[in-house]
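From just these sequences and the hints, can you work out the full model?
2 protein chains.
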Amino acid sequence: MDETVLLTGAKGAVGTAIREGLAGEYDWRYLFHNPPPFDPDHPYLVGGVEEPEVAAEACEGVGAVVHLAGDPRRDAPWDAVLESNVHGTQVLYEAAVEAGVETFVFASSNHAVGHYESERTPEVYREDDRFVLDGTELPRPGNAYGVSKATGELIGRYYHDEYGISVCNIRIGNLSRDSPPAAYERGQAMWLSYRDCAHIHDCALRADYDYEIVYGISDNDRTFYSLERARDVLGYEPADNSAEYTFEGEPKE
Amino acid sequence: MDETVLLTGAKGAVGTAIREGLAGEYDWRYLFHNPPPFDPDHPYLVGGVEEPEVAAEACEGVGAVVHLAGDPRRDAPWDAVLESNVHGTQVLYEAAVEAGVETFVFASSNHAVGHYESERTPEVYREDDRFVLDGTELPRPGNAYGVSKATGELIGRYYHDEYGISVCNIRIGNLSRDSPPAAYERGQAMWLSYRDCAHIHDCALRADYDYEIVYGISDNDRTFYSLERARDVLGYEPADNSAEYTFEGEPKE
Numbered sequence: 001m002d003e004t005v006l007l008t009g010a011k012g013a014v015g016t017a018i019r020e021g022l023a024g025e026y027d028w029r030y031l032f033h034n035p036p037p038f039d040p041d042h043p044y045l046v047g048g049v050e051e052p053e054v055a056a057e058a059c060e061g062v063g064a065v066v067h068l069a070g071d072p073r074r075d076a077p078w079d080a081v082l083e084s085n086v087h088g089t090q091v092l093y094e095a096a097v098e099a100g101v102e103t104f105v106f107a108s109s110n111h112a113v114g115h116y117e118s119e120r121t122p123e124v125y126r127e128d129d130r131f132v133l134d135g136t137e138l139p140r141p142g143n144a145y146g147v148s149k150a151t152g153e154l155i156g157r158y159y160h161d162e163y164g165i166s167v168c169n170i171r172i173g174n175l176s177r178d179s180p181p182a183a184y185e186r187g188q189a190m191w192l193s194y195r196d197c198a199h200i201h202d203c204a205l206r207a208d209y210d211y212e213i214v215y216g217i218s219d220n221d222r223t224f225y226s227l228e229r230a231r232d233v234l235g236y237e238p239a240d241n242s243a244e245y246t247f248e249g250e251p252k253e
Numbered sequence: 254m255d256e257t258v259l260l261t262g263a264k265g266a267v268g269t270a271i272r273e274g275l276a277g278e279y280d281w282r283y284l285f286h287n288p289p290p291f292d293p294d295h296p297y298l299v300g301g302v303e304e305p306e307v308a309a310e311a312c313e314g315v316g317a318v319v320h321l322a323g324d325p326r327r328d329a330p331w332d333a334v335l336e337s338n339v340h341g342t343q344v345l346y347e348a349a350v351e352a353g354v355e356t357f358v359f360a361s362s363n364h365a366v367g368h369y370e371s372e373r374t375p376e377v378y379r380e381d382d383r384f385v386l387d388g389t390e391l392p393r394p395g396n397a398y399g400v401s402k403a404t405g406e407l408i409g410r411y412y413h414d415e416y417g418i419s420v421c422n423i424r425i426g427n428l429s430r431d432s433p434p435a436a437y438e439r440g441q442a443m444w445l446s447y448r449d450c451a452h453i454h455d456c457a458l459r460a461d462y463d464y465e466i467v468y469g470i471s472d473n474d475r476t477f478y479s480l481e482r483a484r485d486v487l488g489y490e491p492a493d494n495s496a497e498y499t500f501e502g503e504p505k506e
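Line by line, the protein sequences are chains L and B.
Residue 165 in my numbering is what sits at position 165 of the first sequence, and the numbering runs on without skipping anything.
Residue 365 in my numbering is what sits at position 112 of the second sequence, and the numbering runs on without skipping anything.
It should be emphasised that the hints constitute simulated quantities derived from the structure, not laboratory data.
Take these hints with a grain of salt, some might be off.
[Claimed, not checked] One side of the interface only, derived from the structure: several residues of chain L facing chain B at Cβ under 10 Å: (1) V86; (2) L138; (3) R140; (4) G146; (5) I155; (6) R157; (7) Y158; (8) H160; (9) I213.
[What the hints assert, rightly or not] Cβ-Cβ distance ranges computed for the label pairs, FRET-style: (10) L/D79 x B/P289: 27 to 35 Å; (11) B/S371 x L/E51: 28 to 36 Å; (12) B/D461 x L/P77: 28 to 36 Å; (13) B/A309 x L/E253: 57 to 65 Å; (14) B/L298 x L/E51: 31 to 39 Å; (15) B/G417 x L/E185: 21 to 29 Å; (16) L/V132 x B/E256: 34 to 42 Å; (17) B/Y416 x L/F131: 21 to 29 Å; (18) L/F38 x B/L298: 48 to 56 Å; (19) L/H33 x B/Y416: 31 to 39 Å; (20) L/E20 x B/R383: 44 to 52 Å; (21) B/G488 x L/H33: 49 to 57 Å.
[As the list claims (entries may be wrong)] Sample of chain B residues lacking proximity to chain L, with all beta carbon distances greater than 12 Å (derived): (22) G314; (23) S429; (24) E438.
For every residue, glycine included, the Cβ atom is placed at its ideal position computed from N, Cα and C.
Right, dumping it as structure tokens:
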């Protein structure tokens, strides 16, 4: 695909998985808050998505947006996520539809539905538990960060309905590079490997859809997030599975 | 009931319906942006809910909150609803749980689901159409105002799950005092009379529930909003029906 794709938040963990895994697949344009410590020759812009002029420049001539930028702290205070995650996402959507962007992939989060877990732990992390979330449920955020991510999904719903832009919200699980987090049942149940992270974003950039909410995790035996929509609509075929690792995070023999 | 109930946005249409219809039912405390033009002797505070000190003072000693304040314009710009409706609601919830408020009734809106209509008009307003929304559906806001109201519902979800406060979101339809709006199918389908508006808020203040999303309309023959949750959980028994009026807004013989 030779189209230019804007990647916001390229420096974070999700951004790193995408940059590394899909380096040659798209004509990436990065947006950073500060000049990046890597790839100094790669095209990039500096600024915040909540600045309309920055967002407009970032979206110019772009076919798709992968929007990861925002305050990533699970314990971020309300004021911070309101500005960076909620307001920033709205400003970027506005710039995207103004520029004629066709596809908007939004990094949502498992924290958008965190309170479904709180009354079901630790059973919900185990293989014999039958509880499952599939993206059709109403959000139940577990913290202010989760409220901001669920609101980002809502903002996308509005821009899709109003302007026709294709929107895919990926509720990202627990991202780690080579192996699932050790001795952390929750993290294993929602593990997303780096290569699966890159792959699901690749799928979201290539597939045809209107408005989707999918879970972004690997093909874990123990999980309470359905991959049905991601498989059916995006063609997602995850390669990893936390069950292939010991509880200590080592690959099984 | 002799408990003090905080009423924000008491000056607006919904607030007027509640003040008039439930004048003697609760020990009301009003919160206004400016000194009110009526009831000068009634207890009130002046300020905005988005000011933490104002919100804290307003919630002190209060058993329940009816939160109507916010930018009411259907075409309000994003920045205005972000500050007044989204941020203001979060600040008030924070003050409410801090003060130990037990029940929080939030004035949500039909605009939180406005885009379900846009692809179904005008059929959806007619009696032979079978489409219905019941509050379990994911929001599809029809404008920035609708985004802000759906976000207010989300904020309430978080505060309920995290702190146990009872939350009822009432997606208010088309409020008018004595008769449904004339020659306006949409307004007739979602008509809420003043007395039914007062009654549903009374129900929401008296009933036992955890977290609810209900539609606030009269018992209209032609509608696409289910009253099932409002009837079952709140005990709502609407008295009015837009079908009892002619299309010109006159009562039928």
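Verification of the supplied hints:
Interface restraint check: L/V86 against chain B, minimum CB-CB distance 7 Å, threshold 10 Å, status holds. The restraint placing L/L138 at the interface with chain B holds, with a minimum CB-CB distance near 6 Å, inside the 10 Å limit. Of the supplied interface hints, the one on L/R140 holds, with its beta-carbon coming within about 6 Å of a beta-carbon of chain B, less than 10 Å. With a least beta-carbon distance of about 7 Å to chain B, the hint placing L/G146 at the interface is held under the 10 Å criterion.
Restraint check, L/I155 versus chain B: the minimum CB separation of about 6 Å is within 10 Å; hint holds. Evaluation of the L/R157 hint against chain B yields a held restraint, the C-beta minimum of about 6 Å falling below 10 Å. Taking 10 Å as the C-beta contact cut-off toward chain B, the hint placing L/Y158 at the interface holds, the least distance being around 5 Å. Satisfaction of the interface hint for L/H160 is found here, the shortest Cβ-Cβ separation to chain B being roughly 9 Å, below the 10 Å cut-off.
Contact between L/I213 and chain B, as hinted, is supported at the beta carbon level, the nearest pair being about 8 Å apart and thus within 10 Å. Judged by the Cβ atoms, the range 27 to 35 Å given for L/D79 and B/P289 holds: they are separated by roughly 30 Å. Taking 28 to 36 Å as the suggested C-beta distance range, the pair B/S371 and L/E51 conforms, at roughly 31 Å. A C-beta distance of roughly 33 Å is found between B/D461 and L/P77, which places it inside the suggested range of 28 to 36 Å.
Evaluation of the 57 to 65 Å hint for B/A309 and L/E253 yields a pass: the beta carbon distance comes to about 60 Å. Distance hint check: the CB atoms of B/L298 and L/E51 are about 36 Å apart, consistent with the given range 31 to 39 Å. Between B/G417 and L/E185, the C-beta spacing of about 26 Å keeps the proposed range 21 to 29 Å intact. For L/V132 paired with B/E256, a C-beta distance near 41 Å keeps the hint of 34 to 42 Å intact.
For the pair B/Y416 and L/F131, the beta carbons lie near 23 Å from each other, so the given range of 21 to 29 Å is met. Separated by about 54 Å at the C-beta atoms, L/F38 and B/L298 satisfy the suggested range of 48 to 56 Å. Remark: the range hint 31 to 39 Å for L/H33 to B/Y416 is upheld by a beta-carbon distance near 33 Å. The hinted window of 44 to 52 Å between L/E20 and B/R383 holds, with their beta carbons roughly 51 Å apart.
Between B/G488 and L/H33, the C-beta spacing of about 52 Å keeps the proposed range 49 to 57 Å intact. Separation of B/G314 from chain L is adequate, the least Cβ-Cβ distance of about 25 Å exceeding the 12 Å criterion. Residue placement check: B/S429 keeps its beta carbon more than 12 Å from all beta carbons of chain L (closest about 27 Å). For B/E438, the shortest C-beta to C-beta distance to chain L comes to about 21 Å, beyond the 12 Å cut-off, and the non-interface label holds.
Of the hints listed earlier, there is not a single one the structure fails to meet.
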